[in-house]
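Engineer: If you want the building blocks of each chain, they are given just below.
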Amino acid sequence: MLPAAAGYDRAITVFSPDGRLYQVEYAIETVRRGTLAIGIKSKDGVVLAAEERAKKLQVHTMTQKIFQVDEHIGVAAAGYIPDARIQVDHARVMAQSNRLVYDEAADVETIAKNIADLAQQFTQYAGVRPYGVSLIIGGVDRNGGSIFVTDPSGTYLAYNAIAIGAGSDQVNDLLEKVYREDMSLDDACVLAIQAIYHVSEDKSGTKHIKMAVIDNKSRKMRRLTEEEVAKYAEIARSRGPVTQ
Amino acid sequence: MLPAAAGYDRAITVFSPDGRLYQVEYAIETVRRGTLAIGIKSKDGVVLAAEERAKKLQVHTMTQKIFQVDEHIGVAAAGYIPDARIQVDHARVMAQSNRLVYDEAADVETIAKNIADLAQQFTQYAGVRPYGVSLIIGGVDRNGGSIFVTDPSGTYLAYNAIAIGAGSDQVNDLLEKVYREDMSLDDACVLAIQAIYHVSEDKSGTKHIKMAVIDNKSRKMRRLTEEEVAKYAEIARSRGPVTQ
Amino acid sequence: MLPAAAGYDRAITVFSPDGRLYQVEYAIETVRRGTLAIGIKSKDGVVLAAEERAKKLQVHTMTQKIFQVDEHIGVAAAGYIPDARIQVDHARVMAQSNRLVYDEAADVETIAKNIADLAQQFTQYAGVRPYGVSLIIGGVDRNGGSIFVTDPSGTYLAYNAIAIGAGSDQVNDLLEKVYREDMSLDDACVLAIQAIYHVSEDKSGTKHIKMAVIDNKSRKMRRLTEEEVAKYAEIARSRGPVTQ
Amino acid sequence: MLPAAAGYDRAITVFSPDGRLYQVEYAIETVRRGTLAIGIKSKDGVVLAAEERAKKLQVHTMTQKIFQVDEHIGVAAAGYIPDARIQVDHARVMAQSNRLVYDEAADVETIAKNIADLAQQFTQYAGVRPYGVSLIIGGVDRNGGSIFVTDPSGTYLAYNAIAIGAGSDQVNDLLEKVYREDMSLDDACVLAIQAIYHVSEDKSGTKHIKMAVIDNKSRKMRRLTEEEVAKYAEIARSRGPVTQ
Amino acid sequence: MLPAAAGYDRAITVFSPDGRLYQVEYAIETVRRGTLAIGIKSKDGVVLAAEERAKKLQVHTMTQKIFQVDEHIGVAAAGYIPDARIQVDHARVMAQSNRLVYDEAADVETIAKNIADLAQQFTQYAGVRPYGVSLIIGGVDRNGGSIFVTDPSGTYLAYNAIAIGAGSDQVNDLLEKVYREDMSLDDACVLAIQAIYHVSEDKSGTKHIKMAVIDNKSRKMRRLTEEEVAKYAEIARSRGPVTQ
Amino acid sequence: MLPAAAGYDRAITVFSPDGRLYQVEYAIETVRRGTLAIGIKSKDGVVLAAEERAKKLQVHTMTQKIFQVDEHIGVAAAGYIPDARIQVDHARVMAQSNRLVYDEAADVETIAKNIADLAQQFTQYAGVRPYGVSLIIGGVDRNGGSIFVTDPSGTYLAYNAIAIGAGSDQVNDLLEKVYREDMSLDDACVLAIQAIYHVSEDKSGTKHIKMAVIDNKSRKMRRLTEEEVAKYAEIARSRGPVTQ
Amino acid sequence: MLPAAAGYDRAITVFSPDGRLYQVEYAIETVRRGTLAIGIKSKDGVVLAAEERAKKLQVHTMTQKIFQVDEHIGVAAAGYIPDARIQVDHARVMAQSNRLVYDEAADVETIAKNIADLAQQFTQYAGVRPYGVSLIIGGVDRNGGSIFVTDPSGTYLAYNAIAIGAGSDQVNDLLEKVYREDMSLDDACVLAIQAIYHVSEDKSGTKHIKMAVIDNKSRKMRRLTEEEVAKYAEIARSRGPVTQ
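Chains as they are written, first to last, in the UniProt record's numbering: chain A, 1 to 244; chain B, 1 to 244; chain C, 1 to 244; chain D, 1 to 244; chain E, 1 to 244; chain F, 1 to 244; chain G, 1 to 244.
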């Protein structure tokens, strides 16, 4: 932080002389320091994965960072997780409301835009802080599978594959090199684990890996069991580190 | 920033001794640093163009900076894009409301004034920041085609051709030299691409160029396909750099 | 600004030890730096004129600083123009409401007082800034023609002839010397242009001059065409600089 | 201002260690620097007078500082005149409401207390500034003629003769010396002018003098015409400076 | 004020490290510097007295510091008198409401507690300042005569005799020495004047002395005429300075 | 106060780095400096006692620090007494509401929890200060006699015997040494006076001692008369200083 | 605290440049300094335990830190206990509402999420402070026994065994070493006491130990009597310090 930043970075309602919103940038820093989350779109579905570090006596079956918004939409979060919960609850209401009003499941982009619009509000009005979280919103709707990423600024963008959180720069480099649009959902799952191993300290265990998939056929989100994750991890380890 | 600025530039509700609203000027700086957006009025329609830089795995078919407000009105934005989305949603409601109340499509100026009035509110009341975005609002209504530009101060002005965002000074110089009111829509599209190439680092590709046109006959906004953009870009490249 | 000003000039709700409202004075400074606007009352009508500087590709037929409030009342503004728009919209509602409630056109002074009362509110309550604009409100009502000026402090005063904005001190000196109550509307129009030429850099063109008249007979505001302005400008130039 | 004042004089809601409300005192300073206003009670009526400095092209028939509240009550103001207008409007509503509710004209003191109560509110709650104006409220009710003075602190006091604004100390000294309760309304009018000449730079003209009377018989406020003021001024000049 | 006070004395909502509310103490200082007010309970009634300094042309019949709350309750105030007026108006409503709801006159303590409760509110919530006034509330109800004192902290206490305002320490010393519960109302009136003379600069005039009594029989507050005050003052002077 | 405290102790809504709420601690300091209050539970009732220092002419029959909440519940307060009054009024409404809703007298703990919950609110929301008072709430309900203490933090605890205010540390030491659960109400009354004498400057008078008892049989609070207090005080003096 | 923290740690609505919410971290420090609380899940029920330090004359039967939310859910708190009370009251309403709306007992996680959502709100909006308390929420629902922990950040996590408050790091180390999922409820009770003895100064008494259990069969929370605690403590002491 340059000395010039001092004073312009205390409130979301103050621009700096160079037109920046420091508080939003600091909130994005919160995301950057959160544990890794990944979303990959394959030709037959979408996979969401997240690294979750737990204490020894913590209950492992409870997932902290992967949420279900609707039957066909899931979310993987990085950053300040209590904020993610609030945004997901907001999205759930929106998704149900879509079903009630239009009698059909909400498009994934509709949900992504909605969360991003909510985030924007928290960058313009005094008396609040921006949300300190980014969400990878993956799902399958009438347009097929898609992945969107929202961030504290209120931006949302569509990706084929994306990582957020600590180590995401390296993982995104990796993904850009090896991702292919025609990869299978199974391969996408393996790639997600390879990506986590790429930057995680624990490069063989699976307890710190949580995953969920939404396949194009069923259009239903399903959390992977510990066994399934282990199976994909084994394949990942057998393939060795990703050479590019 | 002069030392004298310190203290008068922390809130939109404080004038500086020389009668300036620094926060509004800083918000305009946000626009100045946004990627380029262009609007050009031709004798048979209006063209909107924007440069969009994307990461490799980002989905290119999703446009970030060009929006449709109503059948006959489009918007190209520069600056803080989440703010643009909010303003566009606001304009959409206004446009629909115009159809409901008056049973006819809103004039382009009505929409522009409405967005500018909204922006003014965010320069006078505490507890908010100004919108950090400028919009080029192009459309065709009963008065023919027209282009308006709104900015964070709440000003709106009519132009025949205008660029906003990074490099806009150079592009506006260019436009002032080569623009003719009687140019065709096709030529306007080519000129828009020439203008982008004039300041962009990527002077031959088209993935970073998004365009939309509203022609005077149909009065309907239509996004150009990648192929159409490529075709205009080829013509642009064949004509060489604009000599003045 | 004296050092003593520091601290008392940050909010409209704080008086300085010498009983001044610095924020209001700074807002008046915004007016002083705005482009020139002029109002002149003649024996058969009122003329409003404003200098408007435009970029080359800006649409010249759109007037930025002269507004119509009601059939018989016009406004010329100097200062922060988005604020002027808000005040004018406010005045329009007030004028229509007057027609509805009393079944007659509002007096010019009623409108002027109303705008000034609105401006006063923005000098007494925290959380807002004063309006950074002055309006010349000219019109013809049952009492004949009249011209009022409002400013950011909430003051309104009646004048026979007045200029506001950059160069207004020199123009007002000029007006005081040459103004006669029995001058014709045509002469008032010529005088308005002479006044603009008196301080403007462009002393022969007319693109930067916008004018409107309300004559006593029709009691209707009418914007002058470019041709009419050019005609008066020719007379103005033929008469030479005003010798006093 | 002593250094100790710093910090306690920024808000009406903060007492200084010596129990003072600096912001209220600063608002009173605004009154002290306003142009002079005078009220004198005679045996057959009340006279209000004010000095009004105007620019050359200002319309002289419009009075800035003397207002009518009700048929039988007038006001002369010194200080920040836009605030006076707001207080007078407030008093007018109160006076009409009195007629509606009690079917009789409001007592002068009722109106004075009401304005003072309003002023008090603006000394106790954050988010506003005190009114920067004092009013001389003169009128004739069932108890005869009376004069009250309100100030920014919310105080109101009854006087036989009083001056407020710039030069009021000298004028009040003068009034204390020459005022007699049994003087005629005509003599009170002459005295008011003598008092203005006593401190004004312009010691013979009458354009800067505005006056109104409420005589005990008619109980109706009447503004003096320029001719009447001139007549009284002639008498005043003929009597020479007041020797005490 | 010790340096340590700095910072804790700017708002009523901030305690100092030693548990003090400085703003309340400063408001009490306002009372201490106000002109003297006195209340004395005698065996056959209560007397209220206040010193009021007036300018020469001020109307002497108008009392500034002694108010009537209800038939049987009066108030003498010291400090910021506009605040006293607000509290008294509040008490009047309360007293009338008591008559409406319970069909009987309010107890003096009920009124005192009510005013004190109001004052407490202004010591606990941000955005206001404490009331800068103390009231001596004297009256005769079904329990006989009584005197209560409220202050800016929201405290109320019952006294047989009490002085507040400038010089009150000396007067209270005097009262403690000479007060007897069995003194007559006449003697109490004389004592009140002696007390004022004890500290006032004007030790013989009566124009600066305002008084009111509520006798036990009639239970009605009555303001003393100038003649009555003069009569008691003569007795006071004849008795000479109080020797203790 | 350590230098590190500076800045974290200005608002209840700011934690210090070591997790403290300084404003709450300062409010507790207000209690510590208030005059002593005591509550003792005996086998046949509860006694409340408070030291009240009064000026000579103050009415002694009026108690400042002991309040009745309901027939069966009393309160002794230490600290900022106007706050105590507000809390007690709040408790009275709660107690009456309990009777209305459940048709039975409120439990003492219900009242204590209610007051503590109120106090908590004033430690978490901006714009207010914490209550600067502790209450000893004593009463007899269906569960027998009990004593609770609330403080500015919103804590409430049950005690057999407790002192709050100035000197409470020494008194609590004393109580811990001599208190026995099987002591009679009479002995508890004597002990309360012994405790006051233990730390008070006045070790023989009784005017500064106010007491109330709620005995288990009647379940009714009764204020002790001056004679009763004197009687207990005589016994207390006869027993001599408490030897431990 | 690094100097860089200064300024970013004064409000929950301000992120630091490294994306931290200092006020939330300070609130967590409040928890860390609170007295110890423990929750352990056994194969046939859940045990909650808390250390409570009391003064000698405090009533020991009243528990401060263990609360009942519903028949089947209990809470043990560490940190600022008045905040815990508020959260528990909130949870009670939620639990009853669940019974009303769905006609069944709330899941333990539902209650935990609800409290955590409440806590999140107090980290995002200005004008409040975060809750300074963590809760161990233990209960038995249709999914069996479970233990959740909420903290000031709004996070909630599931544990098999967990300690919060002072000394919790050491206790959690202990629990990680000796905890077995198949331990009996009796053994869990003994372990809880061993854990308290592990870090408490008092390593043999039981007055400072409060406990409650919810067994899987009855699904009812039951507070342990002093005798029961003593019994378990005896076993704990007989087993000696936990060797790992």
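Treat each hint with caution, since some may be false.
Said to hold, decoys possible - Chain A regions said to be covered by chain B (calculated; three or more residues, Cβ under 8 Å):
#1 50-57
#2 118-130
#3 179-188
#4 223-230
Said to hold, decoys possible - As a list, the in silico DSBU-like pairs of lysine-lysine whose alpha-carbon atoms are at most 30 Å apart:
#5 A:Lys43 <-> A:Lys177
#6 F:Lys43 <-> F:Lys231
#7 D:Lys113 <-> D:Lys43
#8 D:Lys55 <-> C:Lys43
#9 A:Lys177 <-> B:Lys55
#10 C:Lys55 <-> B:Lys203
#11 A:Lys231 <-> A:Lys203
#12 D:Lys217 <-> D:Lys113
#13 E:Lys203 <-> E:Lys113
#14 C:Lys177 <-> D:Lys43
#15 E:Lys177 <-> E:Lys56
#16 C:Lys203 <-> D:Lys55
#17 A:Lys203 <-> B:Lys231
#18 A:Lys220 <-> G:Lys113
#19 E:Lys43 <-> F:Lys55
#20 A:Lys113 <-> B:Lys56
#21 B:Lys43 <-> B:Lys55
#22 C:Lys113 <-> D:Lys113
Unchecked claim - Computed footprint of chain F on chain E; a stretch qualifies when at least three of its residues, placed anywhere within it, have a C-beta under 8 Å from a C-beta of chain F:
#23 10-19
#24 50-60
#25 154-164
#26 206-215
These are calculated hints, taken from the structure and not from any lab test. Backbone N, C-alpha and C define an ideal beta-carbon position, used for all residues, glycine too.
Engineer: Work down the list of hints and note, for each, if the structure agrees.
Structural biologist: Do the hints match the structure? See the list:
Interface restraint, the region 50-57 of chain A with chain B: violated (0 residues with C-beta to C-beta distance below 8 Å; minimum three). With 7 residues bearing a CB less than 8 Å from a CB of chain B, the region 118-130 of chain A meets the requirement of three and the coverage assertion stands. Evaluation of the coverage hint for the region 179-188 of chain A: breached, as 1 residues show C-beta separations to chain B shorter than 8 Å, against a requirement of three. As drawn, the region 223-230 of chain A meets chain B at 0 residues by the rule of a beta-carbon pair under 8 Å; below three, the given contact is violated.
Restraint check for Lys43 of chain A and Lys177 of chain A: satisfied, since their Cα atoms lie roughly 18 Å apart, inside the 30 Å limit. Between Lys43 of chain F and Lys231 of chain F the CA atoms are separated by roughly 21 Å; this keeps the pair inside 30 Å, and the hint holds. This hinted pair checks out: Lys113 of chain D and Lys43 of chain D have alpha carbons roughly 24 Å apart, not beyond 30 Å. Of the supplied pair hints, the one linking Lys55 of chain D and Lys43 of chain C holds, its CA atoms being roughly 20 Å apart against a limit of 30 Å.
Using a Cα cut-off of 30 Å, the hinted pair Lys177 of chain A and Lys55 of chain B holds, with the two alpha carbons roughly 12 Å apart. With a C-alpha separation of about 27 Å, the suggested pairing of Lys55 of chain C with Lys203 of chain B holds against the 30 Å cut-off. A hinted pair counts as satisfied when its Cα atoms are at most 30 Å apart, and Lys231 of chain A with Lys203 of chain A qualifies at roughly 15 Å. Between Lys217 of chain D and Lys113 of chain D, the direct Cα distance comes to roughly 24 Å. Compliance with the 30 Å bound is thereby established for this hinted pair.
For the proposed pair Lys203 of chain E and Lys113 of chain E, the alpha carbon gap of about 35 Å is over 30 Å, so the pair is violated. Proximity of Lys177 of chain C to Lys43 of chain D is assessed by CA-CA distance (about 46 Å); at most 30 Å being required, the pair is judged violated. Simply put, Lys177 of chain E and Lys56 of chain E have alpha-carbon atoms about 36 Å apart, too far for the 30 Å limit, and the pair is violated. With a C-alpha separation of about 27 Å, the suggested pairing of Lys203 of chain C with Lys55 of chain D holds against the 30 Å cut-off.
With a CA separation close to 49 Å, the supplied pair Lys203 of chain A and Lys231 of chain B exceeds the 30 Å bound. Taking the CA atoms of Lys220 of chain A and Lys113 of chain G, the gap is about 24 Å. The hint holds against a cut of 30 Å. For the hint pairing Lys43 of chain E with Lys55 of chain F, the CA-to-CA distance comes to about 20 Å; that is within 30 Å, so the pair holds. Distance restraint check for Lys113 of chain A and Lys56 of chain B: the Cα-Cα separation of roughly 21 Å lies within the 30 Å cut-off, and the hinted pair is therefore satisfied.
For the hint pairing Lys43 of chain B with Lys55 of chain B, the CA-to-CA distance comes to about 36 Å; that exceeds 30 Å, so the pair is violated. With a C-alpha separation of about 25 Å, the suggested pairing of Lys113 of chain C with Lys113 of chain D holds against the 30 Å cut-off. A count of 8 residues in the region 10-19 of chain E with a Cβ less than 8 Å from any Cβ of chain F is obtained; the coverage claim is therefore met, three being the minimum. Counting residues of the region 50-60 of chain E whose beta carbon lies closer than 8 Å to any beta carbon of chain F gives 0, which falls below the threshold of three, so the coverage claim is violated.
With 8 residues carrying a beta carbon less than 8 Å from a beta carbon of chain F, the region 154-164 of chain E meets the three-residue requirement, and the given coverage holds. Note: the region 206-215 of chain E has 0 residues with beta-carbon separation from chain F under 8 Å; the three-residue rule is not met and the coverage is violated.
Checked against the numbered hints above, the structure breaks hints 1, 3, 4, 13, 14, 15, 17, 21, 24, 26 and satisfies the rest.
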